[in-house]
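Make a model of the complete structure from these sequences and hints.
Whatever position you read off the first sequence (first residue = 1), add 42 for the numbering used here.
Keep in mind that a hint or two might mislead.
[To be verified] Mimicking DSS-like on lysine-lysine, the simulated pairs with C-alpha atoms at most 27 Å apart in a straight line are:
| id | residue 1 | residue 2 |
| --- | --- | --- |
| 1 | 257 | 272 |
| 2 | 478 | 438 |
| 3 | 420 | 324 |
| 4 | 344 | 413 |
| 5 | 286 | 257 |
| 6 | 344 | 374 |
| 7 | 324 | 426 |
| 8 | 420 | 438 |
| 9 | 426 | 447 |
| 10 | 413 | 324 |
| 11 | 420 | 432 |
| 12 | 286 | 272 |
| 13 | 478 | 432 |
| 14 | 274 | 324 |
| 15 | 274 | 286 |
| 16 | 374 | 324 |
| 17 | 265 | 286 |
| 18 | 438 | 374 |
| 19 | 374 | 420 |
| 20 | 478 | 257 |
| 21 | 413 | 426 |
| 22 | 274 | 257 |
If you are wondering where the hints come from, they were derived from the structure by calculation, not from laboratory data.
As the structure is a prediction and not an experimental result, all values here were calculated from the model.
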Amino acid sequence: MAPNDRPQNLFAVIHDRVLAALDALIAEGLLPAAIDRSRVLVEPPRDAAHGDMATNAAMVLAKDAGRKPRELAEALAGRLRADPLVAAADIAGPGFINLTLRPQAWTQALREAIEAGGDYGRARQGAGETVNIEYVSANPTGPMHVGHCRGAVFGDALANLLAFAGCDVTREYYINDAGAQVDVLARSAYLRYREALGEDIGAIPEGLYPGDYLKPVGAALAKEHGARLKAKPESEWLPLVRAKAIAMMMEAIRADLVALNVRHDVFFSERSLVEEGDAVGKTIAWLRERGEVYEGRLPPPKGAPVEDWEDREQTLFRATDFGDDVDRPLLKSDGSYTYFASDIAYHKSKFDRGFRNLIDVWGADHGGYIKRMQAAVKAVTGGKAALDVKIVQLVKLLRGGEPVKMSKRAGEFVTLREVVDEVGRDAVRFMMLFRKNDAVLDFDLARVIEQSRDNAVFYVQYGHARAHSIFRMAREQFPDLPPGNAARAALVASAPLEWLDDPAELALVRRIALYPRLIEAAAAAHEPHRIAFYLYELASEFHAQWTRGKDLPHLRFIIQNDRELTLARMALVQGVMTVLASGLAILGVSAPEEMR
RNA sequence: GCGCCGGUAGCUCAGCUGGAUAGAGCACCAGACUUCGAAUCUGGGGGUCAGGGGUUCGAAUCCCUUCCGGCGCGCCA
43 MAPNDRPQNL FAVIHDRVLA ALDALIAEGL LPAAIDRSRV LVEPPRDAAH
93 GDMATNAAMV LAKDAGRKPR ELAEALAGRL RADPLVAAAD IAGPGFINLT
143 LRPQAWTQAL REAIEAGGDY GRARQGAGET VNIEYVSANP TGPMHVGHCR
193 GAVFGDALAN LLAFAGCDVT REYYINDAGA QVDVLARSAY LRYREALGED
243 IGAIPEGLYP GDYLKPVGAA LAKEHGARLK AKPESEWLPL VRAKAIAMMM
293 EAIRADLVAL NVRHDVFFSE RSLVEEGDAV GKTIAWLRER GEVYEGRLPP
343 PKGAPVEDWE DREQTLFRAT DFGDDVDRPL LKSDGSYTYF ASDIAYHKSK
393 FDRGFRNLID VWGADHGGYI KRMQAAVKAV TGGKAALDVK IVQLVKLLRG
443 GEPVKMSKRA GEFVTLREVV DEVGRDAVRF MMLFRKNDAV LDFDLARVIE
493 QSRDNAVFYV QYGHARAHSI FRMAREQFPD LPPGNAARAA LVASAPLEWL
543 DDPAELALVR RIALYPRLIE AAAAAHEPHR IAFYLYELAS EFHAQWTRGK
593 DLPHLRFIIQ NDRELTLARM ALVQGVMTVL ASGLAILGVS APEEMR
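Structure representation (structure tokens):
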């Protein structure tokens, strides 16, 4: 294996060794040639007493081999003991093989982490995969509120994670600028326009957007057009006003996203699908040619009665051919496209642009929409693209345990910007990711700015700052220790790591060695929250080891008059720092060097 | 009525796509600062993994079912 091709994931290395050992057993005739390798796992055991890694190979393969698990385990363990990385291979329980690695295997992993620096954990699993991830996609009818925040942060972190895992990632925002809502926006803005011209518009009528945020749009329109629009019929002013309002809303939304450090590569206009070459109509025709569109009737929906239900023939997509529960309409009664119709065309566009892995991030209220969209993607890509829809649950905004009151009706809601301004970008981002995406999230404005262990953001960042602090202090003892990250890393990478022999130190080394495996698993599952929890655990172990040095001075990171031991421990600190910084970067959270 | 998501310690939540004796934090109790940052740490009690059945070497995890909560159920997006 070429040195620069060495996989950083030690678990993957051992996994390969186990598979090789199985091949050897096949050659000996102990195992049949046709075995299911996919179920063979190499994992960290829950209990450290069980060694460094465990494999279930013997249990999983026992049936195929026609042998008892423990008998097979005995043969396999015998093979593995010959491996230079393996110090011991014990059989336990129903047939686990517990592996203890030689200490050099772990210290070598630490060395690699330090040498790789910011590239440590970067994976190749996604090599060649093109991923399109669509997130936020808030309607351009107003500023972003806290509800949008979670999807924005989640999508952004997932995109970072996939890119780190080697995927070619495109971040996309779908602008819903075609439906009836943006016409309502235009009418609301027109009212503000008249207001800007000095007219008394009174109360905003029911059905229009009442928020003050449209006043600048009205003012801009007045400045641009003077009173000219007042004389025109709606059919003439509406497109003008609509375009202006959408442009200004998108500008505000982009600014909000920047405040959150969320950036997209592509802003895709729904309207462009209709106006530029009628992509929606073409997609429907395309599906019709393939027999997936027909004229028919739908049964009325069960449950909550629809007041104006009218049984009529309509244009339907055969979603049931692709796993949906019912066929779905493509045209409204007035002949215009349904949102679903343009969404099909939109997803076809993603496929046509070369993407084979599609990810959509939606709010929980769109959960019922997943099946039909996946059906549509199947139809429109011939099954050649996969769509994963990630649902982000709602955020309950609290302050000191009490719910923050919001009145959507009156146009009073807490905006994303207000929250970011109050608690900071890092706190918002980390807390939004410190929970599974499909679980409801309590976000307490008072708690996330506390500087204590309660506050995971702070706790993890403090771990990183503390690592830097240790280096600052170490330089006072050993002035030749270079200050820069790269130079320092070069020095500590050659440190005598065999001096790291305290169990807690070795546990930290193992935790660091786990990072590449974590990246792979989190990327495969599309679950960035795993990074946040891992960082919290790593920080926790690091803080604990630091404090242990108070009672047990020989365990301090800096040992006066023992340059070699100090260097070895600096390597450990450097490893912790490297991984904390890397993980925080994926989450889009800053890694401060000091927090005083 | 149907579909999706959830139900794990008093509270808030993890649990690495089926692994070994289910873990953190908060709260509660008892401790550690002349010391590399106490913005930290150590120890303790606390569980019918909502209930029941099944699949198998092995289930919080997969399947069935019941209960509870949230969301959704042409012509909104």
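How the hints compare with the structure:
no.	hint	verdict
1	257 with 272	holds (17 Å)
2	478 with 438	holds (15 Å)
3	420 with 324	holds (17 Å)
4	344 with 413	holds (18 Å)
5	286 with 257	holds (13 Å)
6	344 with 374	holds (20 Å)
7	324 with 426	holds (20 Å)
8	420 with 438	violated (35 Å)
9	426 with 447	violated (46 Å)
10	413 with 324	holds (23 Å)
11	420 with 432	holds (17 Å)
12	286 with 272	holds (16 Å)
13	478 with 432	holds (11 Å)
14	274 with 324	violated (34 Å)
15	274 with 286	holds (16 Å)
16	374 with 324	holds (17 Å)
17	265 with 286	holds (12 Å)
18	438 with 374	violated (35 Å)
19	374 with 420	holds (23 Å)
20	478 with 257	violated (38 Å)
21	413 with 426	holds (17 Å)
22	274 with 257	holds (21 Å)
Violated hints, listed in ascending order, are 8, 9, 14, 18 and 20; each of the other numbered hints is respected by the structure.
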